[in-house]
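With chain A fixed as given, assemble chain B onto it according to the hints.
These protein sequence lines are chains A and B, in that order.
Using my numbering, the letters of the first sequence map in sequence onto residues 1 to 371.
Using my numbering, the letters of the second sequence map in sequence onto residues 372 to 674.
These aren't lab readings, by the way, just hints derived from the structure by calculation.
Think of the CB as a built atom: it goes at the ideal place given N, C-alpha and C, for glycine as much as any other residue.
Footprint (simulated), chain B over chain A, 3 or more residues, beta carbon under 8 Å:
| # | region |
| --- | --- |
| 1 | 23 to 34 |
| 2 | 86 to 97 |
| 3 | 251 to 263 |
| 4 | 275 to 286 |
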Amino acid sequence: MSASAEIQLIAVIVSVSCALPGVFLVMRKMSMMSDSITHTILLGIVIAFFVTHDLRSPILIVGAALMGVITVWLTEILVKSRLVSEDSAIGIVFPLLFSIAIILITRYAGTVHLDTDSVLLGELAFAPFERMIVRGVDIGAKAIYTSGVLLLINLILLIVFYKECKIATFDPMLAAVLGFSPTLIHYGLMSVVSLTAVGAFEAVGSVLVVAFMIGPPVTAYLLTDNLSLMLLFSAGFAALSGVLGYQLATFLDVSIAGSMALTTGLLFAIVFVFAPHRGLISALLRKRKQRREFAGYTLLTHIWHHEGKPEEREENAVATIGKHLRWDEKKLRRTLTPLKANGKVAVVDGVIKITSKGREDYRQFVEQLLS
Amino acid sequence: MEKLFAIFTDYTFQTVALGSALLGLISGVLGSFAVLRRQSLLGDGVSHAALPGVVMAFLLTGIKNTEILLLGALLTGLLATFFIMGIVRHSRIKFDSALALVMSVFFGLGLVLLTYSQKLPNANQAGLNRFIYGQASTLLQRDIVLMGVCGFVLLLFVVLFWKEFKLFSFDPEFAASLGFSTGKLNVLPSFLIVLAIIIGLQTVGVVLMSAMLIAPAVAARQWSHRLWLMVCLAAIFGALSGVIGTLLSSSYAGLPTGPVIVVCVTLIAALSLLVAPRRGILHRIYLRRKTRAYIESEGGGVS
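One chain only, chain A, in its complex shape (with noise of 0.2 Å):
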């Protein structure tokens, strides 16, 4: 395989490794927990090459997937104590744990090769670099191996625990009943994140699994209110910024991880702006059709109100009734244009008469407002 199709694959695996777990952090609105879990495994990190003094341990990924999970205990016991709201517990926690991180860090620098930048960043195009051997046969990166791993984990945990984590993400109470622990199923999945953090943070930086994590399945909230569906385009859309963010780095030979995250925001801009139904377009469409019918309905009652009455004349010509309803030209227009082809009202002599058609429309509207 070449380097380049090796490196896609890598995203590809990542991305989507990411955006499954990443579907439940925003069902439980707890998207930025992610943003803490991925700077405070740098603390588990170092703290564990302290132990082992070998960068290649894994007992490394140990100590991080611990450390995502501490952060978590740590902020849930802020919020417990009710002095402290649930952001705030976030902010505070996670900048201590990666200040620590830091100043173990910079003050060990002479005998650590760990450098903020690696973990921050993070660099896929060295991927292929590393390679998997085995009895001396070379079968690619070792990074697809590794993420590979990571996805089936989250694949099967995915798969075998798919009704306790839906239940427990959408009625905690009824899954209590159940009999599925509520904090057990909330404690596994904070594991599953800390764990897939570390496995992606190598290749893309901790800053940039956030993107990972967060933007696929919140571009499929858009389009979906299925949580299977949402899971399978989550993956969908975390595997094409992958691929496309990829091509980008390539053409404009920047950093890939930057691209990739900057193209999991370029789709969901896309999606957010021209979704059916909770699109920004279709959203803006929906709301200038409802005031266009309100309108209409206004000046019909206000033609019923005066109709036959001795004001009629002044009230309901076309040339007046502008200034009645306080309405400019244009606005008068706009609406007495489709009630005319509509047939629901007709200009008689100036004056704007209710049809029969129109009366019918007005008094199924009236009562489906009454109803």
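Structure of chain B alone, referenced to chain A:
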């Protein structure tokens, strides 16, 4: 003692300590409003979003001048805030998800621009990434002047709009019913908070700025129920940890200033949570004991 005196009279120490104290003061005051308005994490988001602004300002002007770079940071910081508010307003996505998305995407854009700028032939771009981690020790006297001027303007705004800020932090609906322009007054505090974050970037960096905003305010909140007292205390706590942090990091080798300041300010917050009168955790335990003793003395209690 003499060593301590030598540190205090050192010119570099004076500059850095003054800068950190100013930053602590400003972020303490504005952080109080951020915490009360439940927008604590906005600081985290905005400080990440400042990165593309810094790099873009450099790419466009080619000058590595603090004022220009910070202006770029301010623009993208505000743009990110605008995006976050817009996403929350026009879709069903919640504030926290919008924040996480926008900040990480902006940071990604910043990285793209940073790696792009590193390819440019002139080598002038080195040091742009000090905005990621912050480097208090590189503070110059003119940076302090800039911080002082911005800080003065910010504090002036807070004093002028004190009544409105107070009203909006606690009861925005009531404020709207009194006829205050909700749109403008909702944006103003956010704008001031963004400005305060940008000022702090080069001292403590992107990641740690959110602690400077939140921790002094959380600490101060425990000691008082009055807003003016809370804001004053937050300013004092912030400034104090700025000075202590600088002192510690200049007395021991290999202690980076920004993180040490953050550890100091968090310790103050933790201490306040523990020992504050009436609200503190220790006081609560004492109250519980007292009540139990009272109930038992009356012949009740759980055996």
